[in-house]
Structure formats: structure tokens, C-alpha cells
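One line per chain: the protein sequences are A and B, in this order. My numbering numbers the first residue of the first sequence as -1 and each following residue consecutively. My numbering numbers the first residue of the second sequence as -1 and each following residue consecutively.
Note that these hints are calculated values from the structure, not bench results. Treat the hints with caution; some may be incorrect.
Remember, identical chains collapse to one label, so a pair may be satisfied in a single copy or spanning two.
[Unchecked claim] Listed next, the in silico DSS-like pairs over lysine-lysine satisfying Cα-Cα at most 25 angstroms (straight line):
id	residue 1	residue 2
1	LYS1	LYS303
2	LYS403	LYS231
3	LYS347	LYS412
4	LYS25	LYS331
5	LYS5	LYS54
Please read these numbers as outputs of a predicted model, since none were measured by experiment.
Number of protein chains: 2
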Amino acid sequence: MQKIKAKTLSGFMELTPEKQIVFNEMKDKIISVFKLNGLSPMDTPILEYSEVLLAKAGGETEKQIYRFKKGDTDMCMRFDLTVPFAKYVAIHQNELIFPFRRYQVGKSFRGERAQKGRFREFYQFDVDIISDENLSLNADAECIDIFSQIFEALDKRVIIKINNRKIINGLIEFYKLTDKSDEIMLLLDKKSKISEEKFLEELKKLTSKANEIQKILNLNEPQALLNYKIENKLFWQGVQEMQELLEILKIRDIKNQYVFDQSIIRGLAYYTGTVFEGNLVDLDEKISVGGGGRYDNLAETFTDKNFCGVGSSVGLSRLFDLLDKNGLLQFSKTTISSLAIIPLNNTIKECLALSKTLIKSGISNEVLYFDKPFKSKLNYANKKRIPFITVVGEDEIQSNLYSLKNMETGESIKTDSRGLIELLGGKVE
Amino acid sequence: MQKIKAKTLSGFMELTPEKQIVFNEMKDKIISVFKLNGLSPMDTPILEYSEVLLAKAGGETEKQIYRFKKGDTDMCMRFDLTVPFAKYVAIHQNELIFPFRRYQVGKSFRGERAQKGRFREFYQFDVDIISDENLSLNADAECIDIFSQIFEALDKRVIIKINNRKIINGLIEFYKLTDKSDEIMLLLDKKSKISEEKFLEELKKLTSKANEIQKILNLNEPQALLNYKIENKLFWQGVQEMQELLEILKIRDIKNQYVFDQSIIRGLAYYTGTVFEGNLVDLDEKISVGGGGRYDNLAETFTDKNFCGVGSSVGLSRLFDLLDKNGLLQFSKTTISSLAIIPLNNTIKECLALSKTLIKSGISNEVLYFDKPFKSKLNYANKKRIPFITVVGEDEIQSNLYSLKNMETGESIKTDSRGLIELLGGKVE
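Same shape as in the complex, but just chain A:
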């Protein structure tokens, strides 16, 4: 039979069990943060009508998208969780209770050029708080707080950089640079990655006020902006919101550091007010591991009703890869079983009964029932690094005493099944 080479598409993550266990643990921790914060779960299809998904998209996004026809239907794989959310809100607006606070976890797809740390299929963890009326800055603060809690749960430190896009948009209006708005935004977006000189040089190509603007953009206290005579309503609104947000953040017990940083823009996307982004503290490279911001009129392509909101997103595929490549993850388990139960001679029945008792107590375990010699069973348990084993023979059954062997220390303890449960951290009824 002719063989086909087994291979996975490049840019698509596929992990060995050892790494998948850690990935899933991280996933569970993030979802647990969402649940504890009382967010409602949401799940939308991976495929959508192209006209729905691409209603607002343009340029780069459209080029990256996986789009195709099946019969007469023109469809796309989602490239984020935000557009499907807008669609969802427009469809279900009469069934939802606002403010609607949701989380969604799922894969998104972008067929972009393969590059370091970028995946074409990636897990996103989104939070959004959306309202059909005004929504106070408390919601922005909550989004940032939940974002911080995620990294706390993952035991990784981030620095959260916060900005308000009204400030730069106001400056652009004030300096009459509206026609160069996109270029200025894109330049700001890479400000943290280039030198001050380079930034100034580039800015000078766009405006004669480059020196003045650079000075303003380097301020890291909203109060300091008050010294500048910028006669623009949007600018002052931005400064005021930024001040207010920082005040509200103070009353939240946020464990990660956060700073005002005017280089944070979050691309050209739909954000209109607060924007924020997280960088890992323990990495030299400044790579965004997520962020979010405030948007007006989320569902404007679908409905006349105005929905404003604030959201945040963490990309776990990228984060995991980044932590892994930098040696910041520990892969100690190849299995989630705490215990291997090894039958000796014909004790499978009793082994299975013991296994079920442990399962009921919440202890993950497996019975090594395979038709293999005892030695290869030991070998299997060893190679899989199952932390404990117990061998069940006639003696164990008659005495109801099991020998629990710690595979790391080599120590054994004799105990009954209740003792096994206690030693393995299960719930004794």
C-alpha cells in the first residue's frame, strides 16, 4: 500500500501529551477566572457567512482569511471572536440581559505568512462587557482586572500598559493631521520597538510639530498632559477618562503592575477609548500577550441599536509558545493518572473495583490490564512517570491492605483502600 506522509500544516500547533497537559491546565485556570468573575459562557460557530464576517474587515484581514464556497454559500473561518460576538448580540439582543458580560474560548484562524510566534490556528480567551446604554469606566477597570487575574492564575507576571485613544485622536485633530492619521497610528504602534531618534525621524516626515508631539507622547502621567495647551475636546476627554480609570484601578486590588503608556494603540481596529496591552515581565522581548479596549457601536454593521462595550483577549497559543521557547514552563507530567494499578495473576476484577472506588473519590488512575509481562507494566508506569503504583495480588485482596509505592522516592506505605484515598488526596466519604 502506498503511504502518504503524515504531516501537520505549518503554523498549526500540535502538542505531545506532556505539553498538552500543561496547555490544558493553563486553559482551565483562565476559564476558572472567567467563571469566578461571573461571566456568561458563549460559543459561536467557527464558520460564518462571509458577508457577516467581512462586513467591517478590510485589507490585511481579508487577505489572511480562510474563505471558500460550498455549494452557493460563501463562507469564512472566523479570524477573531469579536465579529461573531457582534453578530451574536445583534441576533439575540432581545434575549440578552444588559450589561451582558461574556467569556468565550475558542480557536480562530488567520492564514498569514508563517512567522515566529504566530499561529494560523490559535486559541483566544475573550471577555466582553457590553451595554445597550452608557457603560461606566468601571467596566474598563473590570476588564483590566480580569486580564491581570488571568496572569495571576497562570503564575506569570505582566506589565499592563494602558492608554486612551481619544488622546492621540485629539492630538491628530488639533495638529490638523487627520489625513495622516493611519500613518501616525501605525508609527505609534511600533514606537516601543524602535529608538526615540528613529521615532522622531519618522514622525518628522509626517509633521513639522514632531518634536512637540513626541514630548507629549512620552508623558506617563495623565496629569502632566494638563500643562499643554491642546484646545481639543476629544483630547481632554481622553485625558480625563485616563485619570478617572487610573483612580478606579487603584480601588481594585490588582496584583500586576499597570502604567499609562501612550504608545499603546492596538492596531487600527475598532477601539475608541481605553486600550491596554500586557507584556510578560520575565521576557526581554516586548511581545504583547493580549490586551483589549473600549469600543462604541459594536454591532453597527448589523443593527441601528447602539451597543458599546469593552473587551479583552488573551492568545493562549502564542503565550504558551513564548513561555515554552523561553524555558518558562515545566513539563513534569506525561499523564494525568496519579496511580497505576497493576494486577498480579488473575486479580483484574479486584483491580477494576479498586479503580472505580478511587474514581468516585476523584483520584485519576488506570488499571494496567494489558496482556504483557509484569516487568513491561512496571516499565510502562515508569516511562509514563505515573507518580504512584500499587500491585494487587492475592495477598492484597485477602488482607485488604495495599502497598502504595511512590515512584520518585521509592518508598512504600501499606494501607487499606480508605488510606489509599487519603494518601492520594481524594475525598473520603
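Chain B: place on chain A using the hints.
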């Protein structure tokens, strides 16, 4: 601005929060069964090379598949979790420890004609035990056991129908019907849905031995097959395996009923030995809610190495829909918050602190910080059916006594924050 109609592709499930909560609870319960049984987690991409995914597929499957090109790459969305598993095993065979026991949860896609209870995007929950050597029938029993545990965890009863394909394949050989094999299999596949007369009538079109074969196929004890003089090795092997499997199942404490049923075939797919399928007991309609079986040579399209195994799959989208349509699910929650904390006047800071304390104790809650009158906050909590509320004003802060109101009974209890935690079922440190 011109509006685009917000709509979801037909055949794609999208739930309101109330139903999503129940869906996710079911999902979590199934995953918990997998974990307790010590299965390793796996995750593979949704997109694969077409040549990889379609290596073995044919006919109907190929027609249903979402296939497209991006640049020069011909790719498909996966239509099940088995072919990607075969690919995974072929790629990672040197890193895996066999027998490899895995679970995988994810969406699969089939663009089939929309029909009742069929989804084009559907969640599958797969278990496989695969070996690079022989694998005893204990593995088949374990798969069936885990399948049963899933429905136990979901608190739904199933009847598990088990067969061994060697029996029918042996009969086909014995009666020299090999050229009609597919037709016989397809007829058997619908046996439970048509009358005995109709089945016989159809079978007569295929063979003159229809009466005899029908009689054999209606036997529901493997022992009863011993009375027939079928001189065929495969047949006897099937009968013997079936007997042995039923013996092994007896020593497992399986809560759901299981029976030998020769009409179970599981389509034309790759199964070679044991096959099984579950039907919900509380439904009149006999619809499969999952099943699985034994396969030889899983990865034969990719590698010369022989991997045999046994697997099972539960389709949650279909199961959920079926239970929902038949009124067998209860949607009592629109939120996962146990408690709404309502600030009175300027107590947001203290409300947030209380919220964090409760989060640390594992109690899902939310602070109603919205700029809305007190009455609309009460209204929000009511509409969302948050089970408990507590209003925090100056008095509560000074006395450190909170009034916990049960929204269903209307009862209030005054207690301190530790008391709140206890009453709401949190962990007191």
C-alpha cells in the same frame, strides 16, 4: 450606513447563555470522566492537508467535506477526530508510550444536507486506546465502560448495544456474499428502524439464504450462535470474542444496560471487531448518541507500523439537541454568578474588596457597578436570576455585617464575610 443581516449558517449550533451554561456543564462532566480514567489529553488542528485527511475517505464523506485551497495548499476541515488521531500517532510514534490512552474534545465539520438533529459543526468527545502490539479485549471493555460512565455523569440512561463485526463478516464469507457485503452491511445498519418483514424482503433480494441468515442475526446470546454449523474461522473468532467481552464486562461495574445486538454495524467505516452504540432509554426514537469499536491498523495510510486500537465517540451537539427537543434538560440558570453585590452610594471600593474575597474562596459573583439607579440593579439581578444578592451601604461596612438575600425565598440572613462564604458554599481558610 447600510446594514447587513446578522445571521448564523444553518446547521450550526449557537446557544443563548441559559442553554450554553447547561451545554458547558455537560462538557465539563464528560471531560471529568476522561480525566478520572487517566486518559491523556490531545488536541489537533481543525485544518489539515487534504491528502492527509482524505487518504482513506471516500464517497459520502468526501462530498460532505469543507475543502478549499489557500495559495497552493489544498486543505480540509476535519470531519472526525479519528483520521487526525491516526496522523498524530504516525507522526509522534516515537514520543508516545504505548498503549496510548487518549481523549480529545473538539468540533468537527460535515457539510451534509441539513436534517433534523444533524449539525454541520458538531462537538465530539473521543476516547481511544491504541497499541503497537496486540491489545486485549480488556481495552474494548474499558471503552464501553467509559462510554457508560459518561452517561452516568450526565445522569441519562443509555442502552449499549454491542456486536462484533467478525460475526457478520464471517457469515458473508460463509454464504459467499462477499460481492454484496456493502449492501448487506447497509441493510443491517437500518435493521432496527424497519420491520422484520421489510428486512427479510430486502435481504431476499440479496441472497437465497435470507431466512437462515435472518434467524442467526436475531439471536441475542453469543452462545446461541454455537448451534449453527457455520464453517468459517472469522465467524467463530467473532463469536468467541463477543463471549469473552461479555465476560469481561461482567467484572466491570457498568451502570447502564448492555446487550448483544447483531444489527449494530456502525456504518461502513474502519471497524474490524467489537462495535457498539448507545441509545437513550428515555426516548422513544432510537437514535444513536455515540458509539465506537475496534480497528486494526489505524495509521496504515501513513506508516508500515501496525497500530491497533479501540475507540468511542460521543457527539454532544446532537445529544444536547435531542435532550433539549424532548424536554429532558433543565435550564434554570442564566448566569453562573451565585451572588450580586450591589453598592449603595459610594461603596464600590468595599464591594470590590468583598468580591475578591469571595472569588478567592471559589464563589462566583459580580459587583453591579453600572451607573444605574438602585432599582434597575435589583431588576438586573432579578432578570438574570442571580440566586443571592447583598446590598452594601455605609452600615454594612461599619458593622462588617452583610444581609444575604435569597432571591427565590425572599429570606435574608445577616452575617459577616466569613459567614457569607460559608452560606454560599465557599472554602473557608
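So, going through the hints one by one against the coordinates:
no., hint, result
1, LYS1 with LYS303, "between (57 angstroms within a copy, 11 angstroms between copies)"
2, LYS403 with LYS231, "neither (71 angstroms within a copy, 45 angstroms between copies)"
3, LYS347 with LYS412, "within (21 angstroms within a copy, 53 angstroms between copies)"
4, LYS25 with LYS331, "both (16 angstroms within a copy, 24 angstroms between copies)"
5, LYS5 with LYS54, "between (35 angstroms within a copy, 15 angstroms between copies)"
Taken one by one, the earlier hints fail for this structure only at number 2.
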